[in-house]
Amino acid sequence: MLLTAVIVVLREVLEGALLLSVLLALSRHADMKMFWVIPAMILGFVGAALYASNLNHISEWFDYVGQEVINAALQITIFLALLLFLVLHRADKNRWLMAQFFLMILVVGLAVTREISEIILYLSGYVGKENGLATVLVGGCIGAGIGLSLSIILYYTLTYFLAYRAELLANILLGIFSGNILSQATLMLIQADWLSAQGAVWDSSRWLPEDAIFGQLLYAVIGYEATPSWWQVSAYFGGMSLVWLLVYSLDRGKRRDG
Amino acid sequence: MCKIPDEKLGAPIYAGVFAVLTNLIFFSFLFVPMASIAATPEFALEIREHLFYPAEIIVPANTKVKLIVTNQDNAPEEFESYGLNREKVIMEHSKTVIFIGPLAPGEYPFFGEFNPKTAQGKVIAK
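First to last, the protein sequences are chains R and Z. Quick note on numbering: numbering that gives the first Met the number 0 labels position 209 of the first sequence as 208, and the sequence is numbered without any gaps. Quick note on numbering: numbering that gives the first Met the number 0 labels position 30 of the second sequence as 29, and the sequence is numbered without any gaps.
For reference, chain Z alone in the conformation it holds in the complex (with noise of 0.2 Å):
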């Protein structure tokens, strides 16, 4: 039988309209909140003069942990650490929180991208 042309397209099209609908639904799930029940230990963070206060947070090992991280300075800063996995920017004058951890005991450096040289810190799970 001869065939249309639209014929032809029809079967890898749909296929291909349902692959991306069902991953609509599957990642739609993702927005599920999963915040646990627990309440998380928070620290204080403060970012002064292109500083960190304190430069040493002490924390609980193997625990999820919540930064409040506040900038002070007329200029936005960027949290940035390779160990945390963590990058986030904090505007002029305001205040963001940041989830870390759970981590394995340990040294965890972070910084200010946008003032590397004196922006410097590190987190210590213990």
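Bound-form chain R, shown alone (with noise of 0.2 Å):
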């Protein structure tokens, strides 16, 4: 049961933490106050509870695909808060500075919702019950500390080589963000059959499994899937090349006029 828990909890952290870290090296490559942070986790974990204390009855909705068409739209509420973000940041970073910080902790505090609520769910099987909880407590802090000390590390890795090659690697680590964003949305969609299913574009799952420690540190930094259906990697490539079109356009634009 220490273990389950390590593991549980380790998944989940590891999930939202290496995406909270990429998103705080971006803003810090982008000379934002950091102070958006907090909240941004206060409404990551004020959205989680809330989620996961509703979830009895989001599951219910739209025919029992509740979760799902929550999970999707919450998942394209980041990816398009992300791009007006974009918007406004790189046509001037000084202006809109409320705007701006109102979109970071939205996209942020969005990001680790799910995650967090699982976390509590998990929990919450626990609680009120004569044994376990001590166990599976400490088993979820184990899980968090690791969890957390990867992404730290992959923080200053990032901070690190940013310093170099800052805006090309700046831009890579938004689209792939923004494409994975996307992606898991029409997975969802798919998953409540809203979308067209279909059958997987390629299938990795020899070389590269899911369920092995390498495949899920991909699968949580860049959305990594061994078996991705057509929606999910034209998602994926859309929504990236998107933000890159975007980012490229709007930087352009300012070389030119400045």
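Some hints could be false.
Derived pair list, reagent style BS3-like, types lysine-lysine, alpha-carbon separation capped at 30 Å [unchecked claim]:
id, chain 1, residue 1, chain 2, residue 2
1, Z, K65, Z, K121
2, R, K32, R, K253
3, Z, K65, Z, K125
4, Z, K116, Z, K94
5, R, K128, Z, K116
6, R, K128, Z, K94
By construction, these hints were calculated from the structure, which means they are not laboratory data. Just so you know, these numbers come straight off a predicted model, no measurement behind them.
Please dock the two separately framed chains into a single complex, following the hints provided.
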């Protein structure tokens, strides 16, 4: 039970925290003040608590696919908020500051909501039971510790490299993050049967299984899937190229005018 | 001619807002339900004492299938499968629906993420 708790919490913390460290590194690179992290985490925790405590009802919405629909809506909101943030930030980072902070809080807060809510749900199964809660909490802390340590390593690695090839690396990361989030939204809609299901575009589960450690890390950082569908692949590359196009045209517009 | 500072920013901001809006319209199409008209085969799956019943579900290959999952336990469980690309929380004492496939013939293991040691099963597509 201890080991299970470590793994469950580690997986969720890893997904949320690796993402957070990418966004933090990008924000630091963009010379933004970091105070938005606290409201973003508060939003994440409050959102997660609300989501977890209402999941019973949410699950029954839309003929029992409410969970998928809400998740997809969250992910599309994150994507659009990030696009809008990039438009404002890259056009002029000193203008519309409050809107920029608000959008950043929205992106990060919503991005960690689901992972935190899954930890809450997992722990809720042990609350009020004679044995187990203490073990699970200890395991959870170990898992959270490992996850956070890995994220801190990623954060400093990114910050280090961002100092060299700053623009290029930041744009690559933003593109990957956006493609990933959009691809996850389509996966949720396929699971809900709102998007037509298809077979896999490729199958790399032999070479790089998703359940191996490296596969899990890649899943958490870039959204690696061993057997993705066409919807996912097109959403991934569509979202990614859209962000790159946007960033490129904004930067070029700025250079030309400036 | 001398430029007004605001004009410098005008073009990229409008281009960006335009890009966001066109995307909003594009992605709203994603929300149009595209459920097939043909009846989807349904299979029941039950979670009891952190075990799946049945532990093996035989489904038709290359067909979309609807799993109706009931959790009888006092704790939530998360249905998870790498092969099926599925992940869904099933609250205690509740029922939910998970669509899977169409699957190529083969075996697709799934597990309960909150109790992975006991809650194990597989979908067999034939």
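Against the structure, the hints:
1. K65/Z to K121/Z: holds (15 Å)
2. K32/R to K253/R: Distance of about 23 Å is within 30 Å: holds.
3. K65/Z to K125/Z: holds (16 Å)
4. K116/Z to K94/Z: holds (22 Å)
5. K128/R to K116/Z: holds (20 Å)
6. K128/R to K94/Z: holds (23 Å)
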